[in-house]
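Student: Read top to bottom, the protein sequences are chains A and B.
Everything in the first sequence is counted per my numbering, starting at 1 for the first residue and increasing by one.
Everything in the second sequence is counted per my numbering, starting at 333 for the first residue and increasing by one.
Don't read these hints as lab results, they were simulated from the structure.
Note that the structure is a prediction, hence the values are computed from the model and not measured.
It is possible that part of the hints are untrue.
Unchecked claim - According to the in silico footprint, chain B covers these stretches of chain A (three or more CB under 8 Å from chain B):
no. : region
1   : 124–132
2   : 136–145
3   : 153–161
4   : 205–218
Unchecked claim - If the Cβ cut is set under 10 Å, some of the chain A residues that face chain B in the computed set are:
no. : residue
5   : 73
6   : 75
7   : 189
Positions of the beta carbon are idealized from the N, C-alpha and C atoms, including for glycine.
Chain by chain, the residues run as shown.
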Amino acid sequence: MVSVSLVTFHSSLVTAFVTPTTLRSKDLLGIEPLSSEEISLILDTAESMRSIGDREVKKVPALRGRMIVNLFFEASTRTRFSFETAQKWLSADSLNFAAKGSSVEKGESLLDTARNLQAMSPDLIVIRHGTPGVPHFLARHLKAGVVNAGDGAHEHPTQALLDALTIRRHFGRLAGLRVAIVGDIAHSRVVRSNIWLLTKMNASVIVCGPPTLLPPRMTEMGVAATTDFDEALTGADVVMMLRVQLERQETSRFPSSREYFKRYGLTTARLARARPEAVVMHPGPMNRGVEIASDVADSPRSLILEQVSNGVAIRMAVLYLLLTGKTWEGEA
Amino acid sequence: MTSSLLVRGGKLIDPVAGREAVVDLLLRDGRVAEVGPKLSAEKAEVFDAAGLLVFPGFIDLHAHLREPGREYAETIASGLAAAAAGGFTAVCAMPNTDPVNDSRAICEYIVTKARGVAGTHLYPIGAISKGQRGEEMAEFGEMRIAGAVAVSDDGRWLSNGTLLRHAFEHAGLFRMPLIQHAEDPTLSGGAPMHEGGVSTRLGLSGQPAIAEAAAVARDLLVAEVSGGRLHVAHLSTGRALEVVRQARAKGIAVTCEVTPHHLLLTDEEVSRSGFSTNTKMNPPLRERSDLDALIAGLADGSIDAVATDHAPHHEDEKSVDFNSAPFGIVGLETAAALVYDGLVAPGKLTLSRFAKVFSAGPAKAFGLPGGTLSVGSPADITLFDPKRRWKVASASFLSLSRNTPFEGRELTGAPAATIVGGRVIWRRPDE
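Pulled out of the complex, with its shape left as it was, chain A reads as follows (with noise of 0.2 Å):
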């Protein structure tokens, strides 16, 4: 393949300080095995995407003929949108497989899906599983790349290049500023993935939460980790609330939302502890009333909807680097 042989000639050339043109891998898996140099690279292109989203005719060219399928074996509306949104402005064909409820969710050896899917030859593949690995099973098996699109509490690697996308357009930077993320910590893969992403790019991260939703060993992560919701917040550039599923907890983590809201909800009398310019965030959908009271993530500090805008142009980019092997130089 043409693509594979740029991959290698740009990746010999390529110096630390020149930012890299192409991708490494067919995959997007995770955040954990990218260099900050392709992290940059997405965020630049996904930069100069964010236009197309404000023309007339919201459709380029650039993956015309391209075959991506949507495998979402969890429910998902913002993030499954988000893709098929880029899928669509990018001119690519896509197929939407929802296998929740279908023959493949239970039972179905994942090597027969993985058969099936390559027997249709799709270029790309975006998944969404509740086991952690399942993308990484998928793309040793397949010839088509593979975006997770989040596997189980592993990761969700869009979603932290929106939300740095997000920050940066903020502040301008990500490097030396503070980002406290406030919740399930246990639970969720948008920590995880901001987690990697954030010390990749230098900034540093506190995590918090209840001591039964706040995992052992945290810090081997590179992070800071408390119970004490004041103290994440004091000097926090960005406060990044994780949506909290009480209901949904395996075993008895945390009796009830009244008491979680009283001890964990962002209030703007809580955000005071913050830096005065800081910004609140949220991965979605909110519980209002419970992780976020409704004033906070509708006042002018959050970016909530912000971060909704920008996860198509980090999709766009995303697909885009992966199955073209080039460099976004804008197109009509």
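The hints should help you fit chain B onto chain A, whose structure is shown.
Tutor: The following block gives chain B in isolation, referenced to the frame of chain A:
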């Protein structure tokens, strides 16, 4: 019968007899007839063991041979063939077959099948409770008559304390040890890997080490009050080993085993392999400090045996997501070589301890024949080539299953031949 075999020129490692020297062994009528330098026996067939290590036959206390019920994953014949190729002269078969081995009839079925193979000895382990349901005791005495050597509910930790107490007491009548898979499910949550830095990083739920240690502690307290003999299956944590040591110091009758994978692989393997389901087993792969404690325990005698926990699964069963995949890996054909290469060669385990944990230790734990090669002992022998370099290739396994996390690993040292009852039942094909 006067069939005899002269095993000539190998280095005998027999710690029970206090021998570690190049000697010949004359085997006659299934027994060791003579041991000494430069034996002559004109009518005997000669096995040239020059350059090989000669061990009392290796005994595996913990294997799953899947028959009856899951013959697509393993049969008694294929499992015993795999055992022979791994240097094992005897294997104890866990009762989690389908139907469960909880009766004399099923024990007899298994023993009859094994007799037809006429290779590695098979000793059945009977279930503690009928159907492994943890409710009613099975007939230990009847199963003993059919050849059962121990009782266990295998993967299901017997949590009912009173039933456990009675089972210890009842098993004592027949001099059978009771084996527990030590895992308190209310602490482990049935999680697919070890709880630690890696599970946190990977977003998988983890079993804390104390799920094992707490279960071992409870079992030992019940063993103490009932005078029972506890054998702890596949010990995997340093914390549980400490508990075993304390109990032994108090005089409680306890033995324990460790698997090669718990000695050689850490939970990082789950990450390094990209979530390979061949890194999923129960107990899960632990961390460096546990490995160090287990290796020390194996070397100092706190751990009695290396056992494989050979758990064949068909590739289809393992080709699913990490959470859904069944626990377990195959081990019979790699165990001895892995421990030799990983611990003996680098000097962490002496040859004498190696011989003990594969033979005399397991023999003593379950009261089995073997464990030494003095005159009159069963002529069950493992011949081992300490210099052979090879690469683990599951495609060449005699087991019907291929689920190993050691695929492609380069090893030095391999079984060369296996002798049972004075007869060579397996020989490395290209030698």
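Student: Hints first: check each against the structure and report whether it holds.
Tutor: Outcome of the hint check:
1. With 4 residues bearing a CB less than 8 Å from a CB of chain B, the region 124–132 of chain A meets the requirement of three and the coverage assertion stands.
2. Residue count for the region 136–145 of chain A with a Cβ under 8 Å from a Cβ of chain B: 3. That meets the three needed, and the coverage hint holds.
3. Coverage of the region 153–161 of chain A by chain B holds [criterion: at least 3 residues with CB-CB distance below 8 Å; count 3].
4. With 4 residues carrying a beta carbon less than 8 Å from a beta carbon of chain B, the region 205–218 of chain A meets the three-residue requirement, and the given coverage holds.
5. A distance limit of 10 Å between C-beta atoms decides the matter here; for residue 73 of chain A the minimum to chain B is near 9 Å, and the interface restraint holds.
6. For residue 75 of chain A, the interface hint is violated, the least distance from its beta-carbon to any beta-carbon of chain B being 17 Å, above 10 Å.
7. Taking 10 Å as the C-beta cut-off, the interface hint given for residue 189 of chain A holds, the closest approach to chain B being about 6 Å.
This entry does not satisfy hint 6, going by the numbered hints stated previously; all others are met.
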